[in-house]
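*Asks:* Sequence:
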Amino acid sequence: MVRKKKPDTYGGESSESHESGGYNPPAQQQGYGPQGGRGLDSQSHHDQAGYGGRGGPPQRGGMQPQRGGMQPQHVQPQHGGMQPQRGGMQPQRGGMQPQRGGMQPQRGGMQPQRGGMQPQRGGMQPQRGGMPPQQYYGGPQEYSQQGRGSQHYPRGPSQQRHGSGGMVSGRGSGPSDGGPSRPPFPDLHQASQASFQPGVTTPPIEIPEEIPAETIPSSSAVDPSTLQLSLELQQMSVQEEGSSSQAIQPIAPSSKSMRFPLRPGKGSTGVKCIVKANHFFAELPDKDLHQYDVSITPEVTSRGVNRAVIGQLVKLYRESHLAKRLPAYDGRKSLYTAGPLPFSQKEFKIILTDEDDGTGGARREREFKVVIKFAARADLHHLGLFLEGRQADAPQEALQVLDIVLRELPTMRFCPVGRSFYSPDLGRRQPLGEGLESWRGFYQSIRPTQMGLSLNIDMSSTAFIEPLPVIDFVTQLLNKDVASRPLSDADRVKIKKALRGVKVEVTHRGNMCRKYRISGLTSQTTRELTFPVDDRGTVKSVVQYFQETYGFIIQHTQWPCLQVGNPQRPNYLPMEVCKIVQGQRYSKRLNERQITALLKVTCQRPQEREYDILQTVRHNAYAQDPYAKEFGIKISDKLASVEARILPAPWLKYHDSGREKDCLPQVGQWNMMNKKVVNGGKVTSWFCLNFARNVPDNMANSFSAELAQMCNVSGMAFNPQPVLPSINARPDQVERVLKARFHEAMTKLRPHGKELDLLIVILPDNNGSLYGDLKRICETDLGVVSQCCLTKHVFKMSKQYLANVALKINVKVGGRNTVLQDAISRTIPLVSDIPTIIFGADVTHPHPGEDSSPSIAAVVASQDWPEITKYAGLVSAQAHRQELIQDLFKSTTDPVKGTITGGMIKELLISFRRATGQKPLRIIFYRDGVSEGQFYQVLLYELDAIRKACASLEANYMPTVTFVVVQKRHHTRLFANNHRDRNTIDRSGNILPGTVVDSKICHPTEFDFYLCSHAGIQGTSRPAHYHVLWDENEFTADGLQTLTNNLCYTYARCTRSVSIVPPAYYAHLAAFRARFYMEPETSDSESMSSGVAGGRGGAGQRNTRAPNPNAAVRPLPALKENVKRVMFYC
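To convert, note that position 195 of the sequence shown is 195 in my numbering; the numbers rise steadily by one, no gaps.
Don't read these hints as lab results, they were simulated from the structure. Mixed in with the good hints, there may be bad ones.
[To be verified] Think about it this way: if two alpha-carbon atoms lie no more than 27 Å apart in a straight line, the pair counts; the simulated DSS-like pairs of lysine-lysine are:
id	residue 1	residue 2
1	Lys808	Lys968
2	Lys634	Lys661
3	Lys634	Lys287
4	Lys324	Lys287
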């Protein structure tokens, strides 16, 4: 039934305001007045809740408390004295904050003073020397022309965790007693809560002599001319425009230079329960660990050879020269012992004999010179202090030693890959197709946690090349009978790609078993290949040589030979005399069928996985491990029992015209029965394009009509009549047909001042690059959103499928599906009280083997407040495998206009302002996909970019920032304490959605937590790990955990809570989509179509290394403006 009546939105707002799917916010929401304001004159200081400020009454007295840190010495207390600061080094707002008397190291590390001299709210202060305030160009008029707004946002009780704030001078003392002093390193400040103080001018920046000039951060809040380029922070320096690469050259900052926020206490919301985690308590050894440098000459790159050399040394000299010590070796340059060796430096000569190759001849002997030299003592005392929370920095060296010790035995017994170990004996091998098989194994890593040291063990599977005869491998790879005819060029390319670098052993020489590495294929077939046999130019064919020398008759003479060994002087081996050596991991990209087969192997129900983990720990028998014994490491064989809480699901608001106006999800899911979307989008102009040959026009028309009706039933205003009738089109003519039909539709619509709202597309089930081509043309060329549907769903036409597609269409045309009830009643702590914008950011990297493709960065940001449900998205290409997002902030110099600023953050802030009429005064930034080793670089670079983007919109515009990393690629798993207790598990046997853990297995001192926000479907749920790297909003544990969990229920594409917070999920979808704009053929065409869940898997290790300076990155085609504003990526 098609409803003619346009549904009202909640609050009685008419859907007429949704023109072309856009959204016009209601005027004067909850006391919003017009955005009054002042200019940037230095006198406009009396609006304390001003435009660039935080709101709230002027605050009195002393420093703001900061978590952690120590009190600065020798400062005159004001109004009740100095408050302790939060957490060590604090990034500054808007760049370098001038300090009187320079930076002084203080107890527990550098504490730049809050206060110091902050840039003043309410307009630029005149600077000494008469420097004029910096002019910013490129910002919207409403930002650049206004000073402080006239609105006041009183701080709610949720924000009163800090004390009173005022200005103090930045004079500190020298290093204070108590705890190790840190090197002076100017870092970023927390944003100051201090109110404006009249009559205070900005002093010049003074740099103490002992601070290297290159470590001073550049400023974005003061004129750049006051800070010379030589003083810019190296981590954030971008290469000069003249160079071929704009890539950041990050330098890993010392972990001593900066502190992440300390845990603000533990959460208490929710129903308490006990869960088990795959962490095993490790007793801290009481040993005197020594580190020695190892140099092996001649140098070899293979860790295996290095290990063999040191293994032989230990075998020969352990009892004598090594004082009976059993050392642990990292395979490279470091050796560790539990106690000192009886020398500080010693040289050994070691002879390695090659294994018997079956020829009966003399075996090759290689002589190595090994020098072992004392380097340092690995300090376990500081590790103990860190685990007790009495020291800020994790002693990485000590953790690394323990990790190497525990890896020593498994490295000998199994095949190591990264932090995992695999073996054909650890579980049944499973064929994956095309010459690959899966091996089972386990992941092992030692981690510092609240309960002390913990060994994290998890089950793992990966792809190995089957040890087949090469002929059989090639037959499987090509999946056809290739014996009867010569290979095509495409076949040769596929074989060459799959076999390059693979080790083979020859089978035609009886017992002799010599191994070679494949470097390529011959361009000629085996029957055509000849080679010189003497200096007179006599040549012999390969076929003849094998027959005469080995009595071997080559059958497949029409196939090429393998080239092995040195590419300059290649040897030729016919494929049929070679067999692939066992134990070679396949590191290239898997195809869809192989991924499906591998997932089947790895997908285990929680109870089975827990059993396998326990079996692995028993099988590894750490109590009998000679290395663990030597170093005094004891590992528990029981899973850690951890206190957890189950957070309640949030109430969701639907439209008042539906039978059910709100909804409380049950076990992470709900449905759309008797409900209407809270804000229905409007689709007046649309048509359908059918690329599936087997779907007739009448079926395409009836499917479109059913979908239109479902959209209306769901609460949208969807015109049942298309602009043009459906036509059938050929996939190879997608661009021509799409543009022709679009222009035909626009010819009809333009005279009436209308736009095309939606394109419905029917695709074949296997559509190759068609999906990607279509999205690229629609979103970057024509400026229209599209909904793709696969043929199999068109034939089924199930109501559930149509309802899901309607949800996607609604957000693509600017509607909202549901909103948190707490958002409407304005009761979300630290979101509802003042205009807040929530960002999500992710970088997706090309698959392994794609050496030149750029990485894609995506940033999304909420565009509605207080609802926080709609997210606009931007995408950008950047250097290959670069993790830092390059385009967050951009600045160029124009000879006429001066400094022109831009970038993704600035554009999204402007977009938020235009959509809501508000300027965000608070930023919550969820950053996906950053590994622990990259935390410092990402925070330093990206927080600085956020600061600069804000400052470029208006002087002293400094919203408070909370920066949270979201991690899914970790190996912590949580299991129900009792698998038979139906009250603690969902239907898949997993822990219940909303389960949060912030104790025992979490970081000893920092603000992190594990949250399983979704219900499991199959396999074992993986909780998301959230780690707060920066927090000026001073969230409580309950506040951030509840907000994050509740947001997981607002994901637009389904009626289920999702496993990671939606802004991070949307950023991942947008980045994945953008790869189609550049290289449609390399992305999985079906993974984004309706009815197929978009996978979150990326590939390979991400890094923050400087990329190839010669690789120029071609920018992505720009998204059309109307596409950017809506959730086109859904």
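*Asks:* So which hints don't hold here, by number, going up?
*Replies:* 2
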